[in-house]
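Asks: Assemble the complex: chain S is given as a structure, and chain F must be docked to it using the hints.
This is what each chain is made of:
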Amino acid sequence: MNGVRLQPTSTAVHRGWRRTLGELPSALLFLLPTVAVLGTFNFYPALYSLYLSLFEWNGLSPHREFVGLANYTRLLASGEFWNSLRVTLLYAGGVTLLALALGLLVAVLLNQPIRGQALYRVLYFLPVITPTVASGVVWKYLFDPTQGVVNRGLAEVGLEGPSWLSDPSWALVAVIVVGVWKRVGFNMVVYLAALQGIPKTYYEAAQLDGADSWQQFRHITLPLLAPTTFFLVVTALIDAFQVFDLVYVMTSGGPLGSTDVLGYYLYRQGFRYSELGFASAVAYVMFALIFLVTVIQFRLTRGGQDDA
Amino acid sequence: MPKPWKAVLIHLLLAGGAFLSAMPFLWMLTTALKPESALYQPPLLFPVHFEWENFAKAWQAAPFPRFFLNSAVMTVGIVLAQTLLSAMAGYAFARMRFVGRDLLFFGVLGTMMIPFPVTLIPSFLVVNALGWIDTYNALIIPRAVSAFAIFLFRQFFLSLPRELEEAALIDGAGRLTIFFRIVLPLSTPVMAANAIFSFLFAWNDFLWPLIVTNSPDMRTVQVGLAMFQGQYGVFWTLLSAAATIVTLPAVLAFLAAQRQFIAGITNTGLKE
Numbered sequence: 001m002n003g004v005r006l007q008p009t010s011t012a013v014h015r016g017w018r019r020t021l022g023e024l025p026s027a028l029l030f031l032l033p034t035v036a037v038l039g040t041f042n043f044y045p046a047l048y049s050l051y052l053s054l055f056e057w058n059g060l061s062p063h064r065e066f067v068g069l070a071n072y073t074r075l076l077a078s079g080e081f082w083n084s085l086r087v088t089l090l091y092a093g094g095v096t097l098l099a100l101a102l103g104l105l106v107a108v109l110l111n112q113p114i115r116g117q118a119l120y121r122v123l124y125f126l127p128v129i130t131p132t133v134a135s136g137v138v139w140k141y142l143f144d145p146t147q148g149v150v151n152r153g154l155a156e157v158g159l160e161g162p163s164w165l166s167d168p169s170w171a172l173v174a175v176i177v178v179g180v181w182k183r184v185g186f187n188m189v190v191y192l193a194a195l196q197g198i199p200k201t202y203y204e205a206a207q208l209d210g211a212d213s214w215q216q217f218r219h220i221t222l223p224l225l226a227p228t229t230f231f232l233v234v235t236a237l238i239d240a241f242q243v244f245d246l247v248y249v250m251t252s253g254g255p256l257g258s259t260d261v262l263g264y265y266l267y268r269q270g271f272r273y274s275e276l277g278f279a280s281a282v283a284y285v286m287f288a289l290i291f292l293v294t295v296i297q298f299r300l301t302r303g304g305q306d307d308a
Numbered sequence: 001m002p003k004p005w006k007a008v009l010i011h012l013l014l015a016g017g018a019f020l021s022a023m024p025f026l027w028m029l030t031t032a033l034k035p036e037s038a039l040y041q042p043p044l045l046f047p048v049h050f051e052w053e054n055f056a057k058a059w060q061a062a063p064f065p066r067f068f069l070n071s072a073v074m075t076v077g078i079v080l081a082q083t084l085l086s087a088m089a090g091y092a093f094a095r096m097r098f099v100g101r102d103l104l105f106f107g108v109l110g111t112m113m114i115p116f117p118v119t120l121i122p123s124f125l126v127v128n129a130l131g132w133i134d135t136y137n138a139l140i141i142p143r144a145v146s147a148f149a150i151f152l153f154r155q156f157f158l159s160l161p162r163e164l165e166e167a168a169l170i171d172g173a174g175r176l177t178i179f180f181r182i183v184l185p186l187s188t189p190v191m192a193a194n195a196i197f198s199f200l201f202a203w204n205d206f207l208w209p210l211i212v213t214n215s216p217d218m219r220t221v222q223v224g225l226a227m228f229q230g231q232y233g234v235f236w237t238l239l240s241a242a243a244t245i246v247t248l249p250a251v252l253a254f255l256a257a258q259r260q261f262i263a264g265i266t267n268t269g270l271k272e
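Quick mapping for you: the protein sequence lines, in order, are chains S and F.
Residue numbers are given in UniProt numbering: position 288 of the first sequence equals residue 288, and the series is strictly consecutive.
Residue numbers are given in UniProt numbering: position 243 of the second sequence equals residue 243, and the series is strictly consecutive.
Only chain S is shown next, with the shape it has when bound in the complex:
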């Protein structure tokens, strides 16, 4: 009898307990590896980086000296840093805008009822998935002043090309070309999907009203693509602010710092000169830059939703 009477009570207690904890035990089992890895290699490093930026430390010595904001003031007073910031913004702006325009152009052309779409799509997309190091190696050859195909091509039409990667005023241009080459396919694929989502009836209505192709593009296609464009600009900027591999392989930041992007500057300070505190300050400046773009994106997309 006792047992029968106890049974419901214990289940009720059990239920109450379960309600507070939910499925915590099994959830822990499922989430433990994720929490451990993201905690150790994302959250903790992000905070620790900020902390490190307040110290002067070479990574080896047991002593690290607290210097407050000195790394940041040193950064802001450094011509190298401002040059690096300028180069990064030029690279990011150049790659983002050019790849956006070309990606849209290719997508619009591919959106016509023509043959061979699948083949074109693959050809334009290949650079996206090519390893950046291999791309850098090959493009370095293409840009070789005497043997490279770029200058040989220019010579064929009677032009003398610059010495590209060893010329301070052309090296960044060359790196941007490769950045654009690697990005167009991605933009094209996303734009193409967005274009295919625009209802044909909009264009038919516009044609009835006598709108020509350009007017249709300007007043129907472009406005309807705005959210896609926005997404592509933000992701391209965030990627481009962090560029490293291409610069490492093609120019090592040179000549004369003309391609010394922030990612490479950070790498040099941290891993060549072992200035871990100073490099962490550089990292946080990059973080701020990227965070700014993300915040702007968040604000604007919210604004867009309010309008709709």
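Take the hints with a grain of salt, since some may be wrong.
In silico contact screen, one side only, chain S against chain F (beta carbon under 10 Å); selected entries [to be verified]:
1. Gly94
2. Gln112
3. Val149
None of these hints come from the bench; they were simulated from the model.
Since the structure is predicted, the reported quantities are computational estimates derived from the model, not experimental observations.
Quick reminder that beta carbons are idealized off the backbone N, C-alpha and C, glycines included.
Replies: Positioned in the frame of chain S, the structure of chain F alone reads:
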């Protein structure tokens, strides 16, 4: 239907662009097949006779077999870990009820906003403190989880009907059994899409392997290629052969899983 002249114009433009897009690959391949002496001849796109030896020379000039092994181990490790762990986490977030679930999920998504350079130095210090420099642990474990993949898996699990799992729950099956017996077999499409992303990420990755490996024995193909370039600066035939070897797996993987890959990109692009 476009007028004929318009179609021709479109094809001309597209073919011109596609040529520019593919030209570096062609150039890489044809250079890799040229004898060194033919380099200075006028820019013939196709070599007159094929010098397959360049591949063998490049393969032996640096420890490429070892680089390949390292990259293969790292890539397989990352793909398996990211797929399994992300599926598990995505499942917990989609189906289980527990304290702090939403907070934790936002935390996971939040890690996507932390740029890699910010975590680089402390992550290196952690790996160093663990004694993992020059080990597969260092190459795999820090990247064993992908927040993006967790998000994809969660979305997918939310779209699955609950009935199957509920029936099993009533029969007394535990969450692990349900996950491995019922849910995972249903998620092959997401697993495939995710695997190709992970594969390309891991195979092409450069900065992290560069930092956590010192010994030539632990270099991955990308780091190995960069080092190779440092040594063989202007031996373009060998460099092109090496670059071709390193690029091939990425291109093959992409061609094999093209549809899933492009669908994955457009889905995320449009959802934003």
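Asks: What are the numbers of the hints the structure violates, in ascending order?
Replies: Hint 1 alone not satisfied by this model.
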